[in-house]
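Trainee: Build the full structure now, drawing on both the sequences and the hints.
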Amino acid sequence: MRVAEPRDAAELAEVIHAAFGARPPLDPPSTAGNETADSVLAALAAGGGVVAEIGDRIAGVVLIGTARPGVAHWRRVSVHPDFWRHGIGTELVAAAEELAAEQGHHRVELVARREVASLVGFWQRRGYTVEPDDPDQPWYVHLAKSLPTAVWIPTTERMRELGRSLADVLAPGDLVVANGDLGAGKTTLTQGIGEGLGISETVISPTFVLSRVHRSTTGRPTLVHVDAYRLSGPDELEDLDLDATLAEAVTVVEWGAGVAEPMAEDRLHIDILRSEDGGNSRLVLVRGVGPRWAEVDLAQIVRAATPATEGQ
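All residue numbers for the sequence shown refer to full-length UniProt numbering, where the first residue is 1 and numbers rise by one.
Heads up, a few of these hints could be off.
[To be verified] Pairwise CB distance ranges, derived in the manner of DEER restraints:
#: 1; residue 1: Val213; residue 2: Ile54; range: 22 to 28 Å
#: 2; residue 1: Pro138; residue 2: Ala257; range: 34 to 40 Å
#: 3; residue 1: Val130; residue 2: Arg57; range: 32 to 38 Å
#: 4; residue 1: Leu182; residue 2: Ala144; range: 32 to 38 Å
#: 5; residue 1: Gly87; residue 2: Asp38; range: 27 to 33 Å
#: 6; residue 1: Thr218; residue 2: Ala299; range: 32 to 38 Å
#: 7; residue 1: Ile54; residue 2: Pro6; range: 19 to 25 Å
In short, the hints are calculated from the structure, not lab data.
Note that the structure is predicted; figures quoted are calculated from it, not measured.
Just so you know, even glycine gets a beta-carbon here, dropped at the ideal spot from N, CA and C.
Mentor: Okay, structure coming up:
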């Protein structure tokens, strides 16, 4: 996956034609066949896009438009038929969400043809919800999804500061699911959360003991720090008996994606991504899931941790 470039425009138009041309006939017909290298180039200049490459071929594309300030709009989501059933669509959408969040969008919207039920289901399985219909376009299903807040963190101290800022709004029963490669900064973030919760002892990765309990010295919630790297699934996490402390503690699960979600309906997901240049900067994506986070202004909290002038 990579960001689409102007030189890709002609090939992207071909992928769009092939993808939409392989779908069943629609009434009214799709306008995707009208896309040209010039129209794709204009779309890239306006909002950008992401592409999937396999070998020397572009296998898929998502063009990013702007519906209104802060709201992205997916256009021409396409996977070439030669590469169907390889999971490329899922990866494309994830990459587009990351890029749109980095651009400052907080929400994404799209339309899908009502006749293609499998396509609507594809989006719903990826967290998109159906929005009210537009009576002027009854053939479309409108879907939307909230995007994570994105911020560039330039140093380890700023990563700790982000953790301290998040700790200000964390409460007993909160579950934080932290993800990122080895050395990305998950434990550094957790150290900041611990400092914000009034943990006086050193917070280190519980890789071999799987979980550690840290008591606050200031009356804030206990911190339960879990490393799920060696766990194969939710059942093994359940064996740690975390439900015994979940209601009264702030629980941080490193490597928690795909493992920790069954623990709670309300979760704070934090993804930490390395910069492409191999430097110390990290792109951090913060997303609240569930009613607990619906009214929390995560964007203000996250961005306050790192002044804009210190971004990448």
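Trainee: Each hint should be assessed against the structure and marked as holding or not.
Mentor: Going down the list of hints, with the structure as the test:
At about 46 Å, the beta-carbon gap between Val213 and Ile54 misses the expected band of 22 to 28 Å. Between Pro138 and Ala257 the CB atoms are about 38 Å apart, so this pair conforms to the stated range of 34 to 40 Å. Checked against the hint of 32 to 38 Å, the C-beta distance between Val130 and Arg57 comes to roughly 34 Å, which is consistent with it. Judged by the Cβ atoms, the range 32 to 38 Å given for Leu182 and Ala144 holds: they are separated by roughly 34 Å.
A C-beta distance of roughly 31 Å is found between Gly87 and Asp38, which places it inside the suggested range of 27 to 33 Å. Range check, Thr218 to Ala299: about 27 Å between beta-carbon atoms, so the 32 to 38 Å window is missed. Checking the proposed 19 to 25 Å range against Ile54 and Pro6 shows it holds: the Cβ atoms sit about 21 Å from each other.
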